[in-house]
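Protein chains in written order, with my numbering: chain R, 1 to 305; chain G, 1001 to 1325.
Everything labelled a hint here was simulated from the structure, so no lab data went into it.
A few of these clues could be false.
[What the hints assert, rightly or not] Per the computed footprint, the stretches of chain G lying under chain R, defined by three or more beta-carbons under 8 Å from a beta-carbon of chain R, are:
(1) 1015-1022
(2) 1096-1105
(3) 1120-1133
(4) 1140-1151
(5) 1266-1278
(6) 1288-1299
[What the hints assert, rightly or not] So these bits of chain R aren't anywhere near chain G, every CB distance computed over 12 Å:
(7) E195
(8) A239
(9) L241
(10) D293
[Unchecked claim] Quick partial rundown of chain G residues pointing at chain R, CB under 7 Å, derived from the structure:
(11) G1026
(12) L1072
(13) F1260
(14) V1263
(15) N1304
The model shown is predicted, which means the values in this text are computed figures rather than measured ones.
Think of the CB as a built atom: it goes at the ideal place given N, C-alpha and C, for glycine as much as any other residue.
Listed here are the chains, written in short residue letters.
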Amino acid sequence: MSAAAAKSADVTPPLAPSALFRFAQEFAESKIALAGLVVLSIVVLIAIFAPFISPTNPNDLLQLTILDNRLPPGTTGSRGVHYLLGTDGQGRDMLSAIFYGLRTSLTVSISSGLIAVAIGTMIGLIAAYFGGRVETLVMRVVDIQLSFPTILIALLLLAFLGQGVGKIIVALIIVQWAYYARTVRAAALVEMQKEYIEAAQGLQLGHLRILLRHLLPNCLPPLIVVATIQSAHAIALEATLSFLGLGLPPTEPSLGLLIANGFVFILSGRYWISFFPGIALLITIVSINLLGDQLRNVLNPRLQK
Amino acid sequence: MSAFILRRLMQAGVAILIVTLIVFFGVSVIGNPVDILVSPDCNQACHAQAVAALGLDKPLFQQYLIFLWNVLHGRLGTSYVLGATAVDLIVQRLPATLELAFSAMALSISIGIPLGLWAGLRPDAMIGKSIMAGSILGFSLPTFWVGTMFIILFSVELGWLPPTGRGPTVPFFGIPVSFLTLEGLSHLALPALNLALFNISLVIRLTQAGVREVLLMDYIKFAYAKGLTGRRVILVHVLKNVLIPVVTVTGLELGNLIAFAVVTETIFAWPGMGKLIIDSIQVLDRPVIVAYLMITVTMFVIINLIVDIVYSLLDPRIRYQRSAG
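Turn these sequences into a full structure, and let the hints guide you.
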């Protein structure tokens, strides 16, 4: 990709590569981050197309054969279905369960992440732009919240809210928003010192317009980095809560719940029920972390040559 | 200095007060304890009686003050399920959790610092690179899954270590501990390592980064120029300067270890307060939930307070920064 880019740049030298293109080029300098991006894309595609590529539908009770329960990987079941990764306690094909579980895990963490980004960004921008008491109050709340570990706050919320998809999304939003508010405020405070904001204010543009059209775009780089790394945390946290039995309902198990389901069988040596969903979780988190590391290198102005 | 400590004490008090507000509203507004406590065939009169007995007919503000008063006196109610007072239940299980957290802290320092030092001295060698790659893995591995795999590998397949429980405890200054017996140590090994995994990676990365930075300093060149042996330069001059931030971060992580012990205790059936809170949330044993939250949060606030005060003792600049901001 970078070779092709260099070639096209040679042919038409006057045409400067766009910012996005330069960004892609810099990102691709790290082969390991590129590998992370490819793996993550595959994971996301699997999650999106789970119903079409899974050998069976693990959540459809009619398709389950209880006779096929706890089969080791690579066995063929009573109905002639081949179980590449074995089956769980209810005779579910593990491969299909992992595909569907990935879908549930990613849906919950990405949707909560997006809402948390929106709320945190808005609050962070407003705090930095208007300052004063609003800023003091918001930042006190952020400081207090961030001084406690995420899992403690999540436990507190779930203890009061109860269980369910909506509730775990709410809990994940509340846990995450403070990181975004802090990041955006820090970035916005730096931008507020610059002349273009003064110019925009001099033109008497509306507050909302300055916030969204001028301030926000310039705060995006650190936000993107934090959002990438945070999404890995959200996936891990959701899995942990589901494993503890406080997360998602068992009707559509996420990866964490699949591991929890296998937990009762580990003492009898049936490792595959917990092992493979964990590998799927690990691959997802590692690829996001690799991606996030490189994004930080590329987007950090201090590290730029 | 005393003004700084006083201000931090007041901040800590405010933080705890806010948490009591959240916990109180969580318990009395979002969830209604009466519905759990009274039997389904209770009529209006007996329902009203239960409400009055719990003091729920009083104005919310008054209820909060009563709650606050009870918290101050350590009266957090009796467990619906276990029949003991909630505070007693937590205090009984606190030593097990603290033992686990401190063992994990000791492990992360004793494993993380040597590995980080090695990786920092030889960043381009095969071993150095493997250590750093391993630390990325340590960050990414979900704790609960690693614990599960530990049990499969070390308990089921190899049969080296027991998978669950705390083993026999012996009193140590009146506190039951298990690290003093071989049997107890074998029970402690897997949970402590599991809990420490994230922090080991953290310490490796901090130490490695610190070593690489310190090696470029003039005083290291000077120490070599003075004719000191490499061993002495590394162990005295490099390590001493690297250790300060590493130890501070490790101390700050103690709170995280106590909170994340919830996961490890559930996996290894470690009889600490983390396992108690998960069991209590699942059966909605509200007094225990409230007691756990109040005690843990107070512990947190105290840890943060101590770290802040120690910081300001080590670095006087912080005192001025805080008073300005």
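Evaluated hints:
1. 1015-1022: holds (count 3)
2. 1096-1105: violated (count 0)
3. 1120-1133: violated (count 0)
4. 1140-1151: holds (count 9)
5. 1266-1278: Answer holds; 4 residues pass the 8 Å Cβ test.
6. 1288-1299: Coverage by chain R holds for the stretch 1288-1299 of chain G (4 residues, Cβ < 8 Å).
7. E195: 26 Å, holds
8. A239: 6 Å, violated
9. L241: Per Cβ check, R:L241 is inside 12 Å of chain G; nearest 10 Å; violated.
10. D293: 8 Å, violated
11. G1026: 4 Å, holds
12. L1072: 20 Å, violated
13. F1260: 6 Å, holds
14. V1263: 6 Å, holds
15. N1304: Check passed: Cβ of G:N1304 comes within 6 Å of chain R, closer than 7 Å.
Checked against the numbered hints given earlier, this structure breaks hints 2, 3, 8, 9, 10 and 12; the rest are met.
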